Every structure is written in C-alpha cells, then in structure tokens.
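S.K.: For reference, the chains in residue letters:
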Amino acid sequence: MKKWLSILFAAVLILSLFAGCSNSEKSTSSKDKKSDNKTAQKVEGKLTIWTFFGQVKDMAAEFEKKYPDAKVEVKIFPGDQYQTKLLNVLQSGKGVPDIFDLERGYIDKFINSKYVVNLSDMGAEDLVKDYVPYVQALGRDAKGDVRAISDHSSPGGFWYIKENAKKYLGTDNPDEISAMVDSYDKIIELGKKVNKESNGKVHLISHFGDIYNIEAYNTKPWVKDGKLTIDPAWKENYKVQQEIFNNDVDAKLEFFSAGWGNAINDGSVVLTAMPAWASFMVDNKDDKAKDKFGVAATPKGFYMGGTYRSIYEKSENKDLAYKFIEFIAGKEWQQHNLEATGNMPGLLTVYKDNLETFKSPMFGDQNILKPYYETVKDIPGLKPDKYGEEVLSKWRKVAGQGIKDKDDINNVIEKFKKEVKNTFPELNVD
Amino acid sequence: MRKSSINKSQFGFYFVVPYFITFLIFGLTPIIYSLYLSFMKWDGFSDPVFVGLANYTRLLQDTFFLKSIGNTLIIWVLSIVPQLILALILAMILNEKFIRGKHFFRAVFYFPNIVTPVTLGVLFSLMFDWQTGSVNKLLMGIGLIDDPVNWFNSPWLARLIVAGVIMWQYFGFNMLVFIAGLQSIPHELYEAAEVDGASRWDIAIKITLPLLKPVLLFTFITSIIGGLQLFDAPLMLGNGPDNSTLTMVMYLYQTAFKNFDYSYGAAIAYAIFVIILIFSLISIKFSKMNKVEQ
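Taken in order, these protein sequences are the chains called Z and A. Our numbering applies: residue 1 is where the first sequence begins, and numbers increase by one. Our numbering applies: residue 1 is where the second sequence begins, and numbers increase by one.
Source of the hints: derived by calculation from the structure; they are not laboratory data. Accuracy of the hints is not assured; some may be wrong.
[As the list claims (entries may be wrong)] Output of the computed footprint for chain A on chain Z, the stretches with three or more beta carbons under 8 Å from beta carbons of chain A: (1) 105 to 117; (2) 255 to 264; (3) 418 to 428.
In this text the structure is predicted, and so the values were computed from the model without any measurement. Heads up, the beta-carbon is just placed ideally off N, CA and C, and yes, glycines get one too.
Construct the entire structure; sequences and hints are all you get.
M.R.: If you want it as structure tokens, here you go:
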C-alpha cells in the first residue's frame, strides 16, 4: 500500500512538473495565438476513458500535458470480456465512461446503437478529412455519420529477416521483394523454389490463411440488402490457397500461434504477413533485432484490427471528450505516437510528412512508411456492418477446414451457408 | 414452554433470511429474467421485442445445437468411463496396507483438480500443438511416428483430447471419494473372506465392488450434471474440426456473448436446463431402483 502511495505521489509530482512546462510554453506563445489560447483555457475538467489497450495511458498523459487543467482517468480492461463489461454499463446507464474504446471486430454494434454521440454533428468531418480512407470509413454508422475515430491505421506488410531474404530470394531490397511477390501466382512459384532449395525446411509464407487477411477487406461486403453475397474472388482465392497448402509454400503456422511467433525470429518463414503494430512479436532483447528486418508490400494492401474511440451519448463532459478526440485525431499526437511506439498514423498528412524521414531501429535505413503508405491509401473505405466480421470468421473456419481436407469448393460453400444461416436466420443465403 | 419455543423459531427465520435474499437477487432474478428474455428478440443494443416461442422453434431446427448435445454426451462418456476405472483402480491400490507413501500419492493424484480448467485447456492445447507441441516431439523422439500428428484436425482425436483433459482433472477427486467408500467397508468382511481362503481377486470382485456400488453410483450421478455443463476446458481448445468439440454450454456462450444474441442464448440455456433435468431424473430413478434392490 505504502509503495503504491509513493508511486502515486511520484506520478503526481512528475505530472505537475509537465503541467508546469506546458503552462509556461503556452504563456510564451499566447501573444501569437490569442484565440487559440482562449479555447485552450476552457479545456478543464475530468474525463474517464475505458479501454482494453495499455497505450491509452500515454495518450492521456500527452493530453494532460497539452491541457494542464484537464484530468484524464484511464481504466484498462484487458482481455475479451471488455465489450461485455462495456455493454453492461451502457445498458444500466450507471458508471459509464465519457469515452470508450472499441475494437474493429465489434465496432459496428456499438456505433449503430443509441449509446454513442454523433461526432459529425460536433464537427468531426473536419477531423477525418485527411484520413486514410478505410480508417475514417470504419468509424461511420449505417447512415454515414462519424461515430468513432481512431488515431492510427493498422496496415500490414511482409516482414522479413534481411539475411534470410538475401539467402532465399537473392535480395533484401524491399522494392525488389515487393515486385517479386506482387501476385499470388508469383508467390506460389517463388514458394515452390524456396521449399525446394531449403529441402522443405524453410517456407516462403506462414500460412495459407494470410490470403484471408489480405483479401478480407479487398472483397465485396458479405451481406447486401439482407442477402449473403459471396464475392467470386473467394472462389479464386480458395484455389490459390489450395495451391499454397498442397505445394508447401506455407509453413502451416496459423496466425499468432506459438510456432508462428518463433518463425518470425528464427527465419523458418521468409515473408511473414503481419500488421505494423505487431513489432512486439519480434525478439528484440538487448537490441538484437537492430537493423535485422525489412518490410515489403503484399500483393494487395491489407490492415488488421484498429482501436476506435466514441463518446457516450449521455456524458456530461461531451465538450472535453470531444477535445480529447480532436487531440488524438490531430497531427501532434499521431506524430508523437509514431515516434514513440511505431504505430502508423491515421492521417495521410502524417504519413506524407514522414515518408522520407521516419526510420525504426529494427528496420535500419528503410523508410518503412513507404510500403505501408503505398498500400494503405488504396484499401477501400467500407462502413462496418453487423455481419462482416462474423461472416468472414465463418468463411475462414469452413474454407480453412476445406483446404486441409482437400474438399471441393462447392461443398465448402454449402457448409458455409449453413453456418451463416444458423447464426443469422434473418439472412437470405440462397 | 410452548410459548418460548414459538418465540425462538423467529430467530431461526432471521438466520435464514440473508441466504434467501441473496438467492432472490443473484439466483432467482437472473433465472426468471432469462426466461423472459427467451421469449424476446434482443441483441443488447436495441430494446427487446416480444417474439413468443420463435427462439424455441428455431432451437428445435438448429442442427448445430443438436450436434453440440451429441458432442457433449460423447465427450462425457469418453471421459467418465476411463476416469472411474482409473480412480477405482488407484483407490483400491492406495487402500492396501502394504503401500508406502499413500498420502503422498493421494495428494499428487488430487493436484490436477486444483488447477483451473482454463489453465488445463491452454496447457493441453500447447502440448498437442501439432508443430511445436511436446507430445508430437516425444512420439517422434521415441520413433513411434515419423510425421507429426495434427491432433486437432481429426474430430475424434480432438474429442479424445478434451475428454482427456476432463479425465485428468477429475480422476483424483473420484479416487478420494472411492477411498472414503473403501474405508467404510467393515474389516470383518475381509477377515472372514481371508479365513475362508478367498484370493485377492475374489475379495475385490465379490466384496469390495458390490459394497462400493452406492459410492460408484454417487460419483456417476454427480458427474452427469458437471459433464453436461462442460465448458471452460473445451473453450480453450477450440471448436474442433466440423465443430466436433463444440459443447452445449460453449454454444450458449458463443451465441449470447460473442454474437450478442442474448434472447436466443437464453432459450439455449433453458433447453440445456431441460436436458440436464431429464438426465437427473433418470439418474434419480436409477438410484431409487438401486435402493429397492438393496
């Protein structure tokens, strides 16, 4: 208890130190931006934020640094019970935070409910006008109004150990590698070669499931006007995945499985398709991953996950909450976040500003924003709906089993329709 | 005299009130609320709409639910049979006078019961991971198999692993119950049998087992309710190929708390309640028959 008290006390002291700094900063710039200062002075009060994501603490600290009169209390609920907890307080209307985080996987249910503020009415269209298209679209409700905003994008790429790439692909140049794998046919051919040359010990990619991750948001939405629509691309992809599986192009290591994480570090997989935020999977003890990795573009741009923030409809601190949303949607925070954590920005302008300059120790001299920027800006902006994620996960499951069992695509589609119909009886699946 | 006893009974009433209040709030209210929900359509976000018996008619045609009942029963049978046999054999061995370190072994065999099922599920899923798991490495190391077995890609192997987890968790507990049962058998019977020249095998079959029958039945019945509520360990191991390890309660959890179909989830909960009720009635009937026999 005593230890906690002393930590708390120290934290208060440090925070007040920061507060002191920004106060004096503001007072020096007050002459230049009088009106800004006027609004800044109004920023006071106490905000409560619920999240499942630890880094929100830093976000709150930076916000408090900028607005010393504001206090932000962050409550972190790790694990997948977060959304149930959140829904419970929303239903009861008691103890609801002013701002709550929503994960991409279930954002649709919350932003299409009566519990969140319409941010478009508060001026959020301005905040997201320079955003990566897919990032801003995911925060929109069925009518197209902004209800949640993220401070980052989550683009993915092929990560590789440079030494390994040189050995098996003949180069470690990201542009050359991107060109070598810019279609699935090329991936299959290259994969066969890698497999042969390494006597089956090394594989080009981790899992045929990488194709789902890449295609997930490059295909037509699963449900349109109450009807299940299977994009013909999924049939093509099924064939590609069968080829990958049958020819051992993949190491058969499922995404985020134990062996998958090992393969990133030991090089038994040459190209690992993973999002920019997953750098914690790299073993970087004593800086041993320094200048070890490169990142190349995948055949199509893809993203994975994303944390969005909404304001509670009945919050008494809506203005302060909006100020917070405005802060995280701004350049200042996103630049800081990029530098501090390597999380990719949501603003295209922050991408552009850092395109030629941003370096990450793990990637040596590579301008890693480049491959991400090239692919992320073209990912279609689609509004989330109730079905998308759930139906996709059913397709992953059924098609994944079909590939392992060497099942015919028509059987797979029948099984898939049965699963969808069972979970969503209201849908027309024929 | 009579007057004072009436007064005293009032205090007894006060003593039981806290329990009933707690039960009313945390037990009965959710039970009734679930029943109410099962006649609604509600996703937790919009207001509930009355739909009558729609959730129940949907349930009757739900092949996935039917499959989950089948899975639960299969996994239960696969786990209970070896579990009881193992527990009984160990109990009989550990009840022998000449065995040294009985208490140590009793404690060790009971340990898995202390570990939470979630931990066991994670442990087994790592052990049986087909590429990095220790089981495949061990089997390959001693030359039993050439290529790693993809355990969770076969419906029956997946079910066997789930059953294995349950068996491993509960055999120690049942063993203790059996030991207690064994110790309550009068020594005179054994001594009389020995005097009459009965072999150890005869004693086990003709004295121990028949006298242990009530205890056996007790463990069997108590395992029915637990077995039908199978949830946490299989959840950690996944649905299995073709949903082969999807149990009833897992299906309820996925429907209510993953898909947020609370109302249908409530209907599933009531269906599970009815199924467990039926099995419990059957087992009560059994135990009554047993008493009549005795």
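S.K.: Report the numbers of all earlier hints that the structure fails to satisfy, in ascending order.
M.R.: none
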